[in-house]
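Using the sequences and the hints, build the whole thing.
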Amino acid sequence: MKERYLPLAATVTVFVALFVTGGIFYKHFFSTLVLGHILADNAFIIIAAIGTTFVILSGGIDLSIGSMIGFVGVTMAHLDSLGWHPLASAVVLLAFGVLFGACQGFIIDFCGIQAFIVTLAGLFMLRGACFMVSLDSVPIRHPFVGVFADVSIPLPDGGFLASSAIVMLVVLVIAIVIAHFTRFGTNVYAIGGDRTSAILMGVPIRRTTVMIYALGGFYSALGGVIYALYTSSGYPLAGTGNELNAIAAVVLGGTLLTGGVGMVAGTLFGGMILGLIATLIIFNGSLNGAWIMIASGVLLFLFIVVQRSLVGSFNIRRSA
Amino acid sequence: MRALTGHRATWPLLALVVILIVDGIIAPGFFAIRIVEGRLFGTPIDILYRAMPIALIALGMAVVIGSKGIDLSVGSIVAVVGATIAWRIKAGDPHFVILLTALAVGILCGMWNGFLVAVLNIQPIIATLILMVSGRGIGLMINLIYGGTDPSFESPLLQGLSVGSIGYVPTRLILFAGLFVALWLLIRRTALGLFIESVGGNAAAANLAGINARLITFSVYVISGLCTAWAGIILTADVHTSDPVSVALFSELDAILAVVIGGGSLAGGRIYLGMTLLGALVIQTLATSILMSGLPPEYNLLVKAVVVLFVLLLQSNNARDAVFTLFRRRKG
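For the record, the sequence lines run as chains D and S.
Heads up: the first sequence begins at 196 in this note's numbering, then just goes up one per residue.
Heads up: the second sequence begins at 10 in this note's numbering, then just goes up one per residue.
Hint data in this document are derived by calculation from the structure and do not stem from the laboratory.
Think of the CB as a built atom: it goes at the ideal place given N, C-alpha and C, for glycine as much as any other residue.
Do not rely on the hints blindly, as some may be mistaken.
Pairwise CB distance ranges (calculated) [claimed, not checked]:
1) S:Gly210 <-> D:Val493: 45 to 53 Å
2) S:Leu129 <-> D:Lys222: 33 to 41 Å
3) D:Ile477 <-> S:Leu224: 38 to 46 Å
4) S:Leu129 <-> D:Gly397: 34 to 42 Å
5) S:Leu129 <-> D:Ile394: 50 to 58 Å
6) D:Gly397 <-> S:Phe336: 51 to 59 Å
7) S:Thr334 <-> D:Gly397: 24 to 32 Å
8) S:Leu129 <-> D:Phe305: 32 to 40 Å
9) S:Arg197 <-> D:Thr453: 29 to 37 Å
10) S:Leu224 <-> D:Thr453: 21 to 29 Å
Sample of chain D residues at the chain S side, in silico, Cβ under 7 Å [to be verified]:
11) Phe214
12) Phe319
13) Gly323
14) Ser491
15) Gly492
This is the structure in structure tokens:
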């Protein structure tokens, strides 16, 4: 097997191992029903994490995701109360996400300020904007929400793929195509792998950076739209801290935070592992919610250490 | 003029002065300090008072960032420290011992981070993400040890350190000053600061020059853990209870912000303790000003973001040049 597939293989192995373990301990756990629920429940975070994967692959970081999810959700709910069709407001908000991301990318590259700080300001700005739109939880009453919730693809053995999971899988495929089969994708890997070499090779740094963050903005806005439709409401505190879940999903998916190494497909499994842990602990029933945090942390730790000792990320860097 | 715009203290200081001037205009008596019930009282004192926890965390963060690292786990360390304090008080330990235990917990958390970064060579942002994700859970578990339904407590010693005052001055300001001076001496009057900055500038080169980069990296996280534990003691004693879920939420971001407003680069290699304190004061002054101006508190985050972006843009040569050219074109 090629070396660059090792982290992805490790992630998939961990996911399968966890899933089988759950199946051994709990009746009915190992089923397409549970799998479908994990996919649907975590669709919004995985969608956002897919966008983050591009940002992290380029050696950057985007902290504004959680606030973007909250802002998009609460704005959609507000527009709904004004009589907008959810699809119309979704289009407007996706455009907003692209624009906001592009602005962040432009400031990062033009002003030479670290991505961490610029997107941190983005986090504060969007969260502040959430509170200005509404301080309360707002329901989305449009009948489209019901239509959206009813769409599903049945899976064998009684499970089904909910609409949010379908959207997630579709945009995942698009992201894989962008990452591995377009010039833009190659440029992203080039910038993350070695920025100086990328400049020397003639990679258009500014255009690519702006596009990377615009893509990140698009995916996190889409995550917000899915979250709002899935919960059929908007809440100004929604998505708080989700940027770190998204980053954790990307890291669990085998992408290096230093950039240049990783695969978009890994993020799907990284996000599902996080969802699986939460599901396992809920299935147990006697465990406190605090265990979700601790277990996620322990798994993150184990995974990073195993990944490091098995593959040795520095070796991947060199050979990639 | 060039020297003035170039100096790193100019822009943050200017930001602080502008905010203060605006405050002076919108709130008459903003700068009045009087003595009430034997202690200093007034908005400037209040700003200092409230800025202390973040300033403490930011000092540790400045040292970590100087080594090209980052510590995302500070909020979680505060949560663990708070839970430990509440637990040991219920267990009936002498309060002085609890104080030491709390500091030890912070150091322990720092050692864990240091171990991951220095020994296992994990990137700092992920290494500290682990404790950040699980720390609040650990705090909740500690609360569960003694039943967990009522983590509130009374402690004359801890509350004396937090909300008490010595003479006219709040105790926490005096303690902060002491810690600041101690840290400054440690960083600037021993070789340690130089070592940290050289490791942050280029770890491989520092190693070749005979510096034990691993030990230095380890120590910065311990320093951060200690500073954060102190902030945790203040924050916990402030509210007389342990609240692992929401205590010091976003404090890691505020602390990093303070360092960056103070001119520290996340690329490492520089430690500015004084400037970091200035950064923390800018953040708190802003928060207080928004409250005093009568704007709804929900504007706090938005205004904070705008001011931060503004300060950052001023610090960026590229953006400054663009603005200057624009002005010149207008005039010409």
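Verification of the supplied hints:
no.: 1; hint: S:Gly210 <-> D:Val493: 45 to 53 Å; in the structure: violated, 34 Å
no.: 2; hint: S:Leu129 <-> D:Lys222: 33 to 41 Å; in the structure: holds, 38 Å
no.: 3; hint: D:Ile477 <-> S:Leu224: 38 to 46 Å; in the structure: holds, 43 Å
no.: 4; hint: S:Leu129 <-> D:Gly397: 34 to 42 Å; in the structure: holds, 38 Å
no.: 5; hint: S:Leu129 <-> D:Ile394: 50 to 58 Å; in the structure: violated, 32 Å
no.: 6; hint: D:Gly397 <-> S:Phe336: 51 to 59 Å; in the structure: violated, 34 Å
no.: 7; hint: S:Thr334 <-> D:Gly397: 24 to 32 Å; in the structure: holds, 27 Å
no.: 8; hint: S:Leu129 <-> D:Phe305: 32 to 40 Å; in the structure: holds, 37 Å
no.: 9; hint: S:Arg197 <-> D:Thr453: 29 to 37 Å; in the structure: holds, 31 Å
no.: 10; hint: S:Leu224 <-> D:Thr453: 21 to 29 Å; in the structure: holds, 23 Å
no.: 11; hint: Phe214; in the structure: violated, 21 Å
no.: 12; hint: Phe319; in the structure: holds, 4 Å
no.: 13; hint: Gly323; in the structure: holds, 3 Å
no.: 14; hint: Ser491; in the structure: holds, 5 Å
no.: 15; hint: Gly492; in the structure: holds, 2 Å
Hint violations for this structure: numbers 1, 5, 6 and 11, all remaining hints satisfied.
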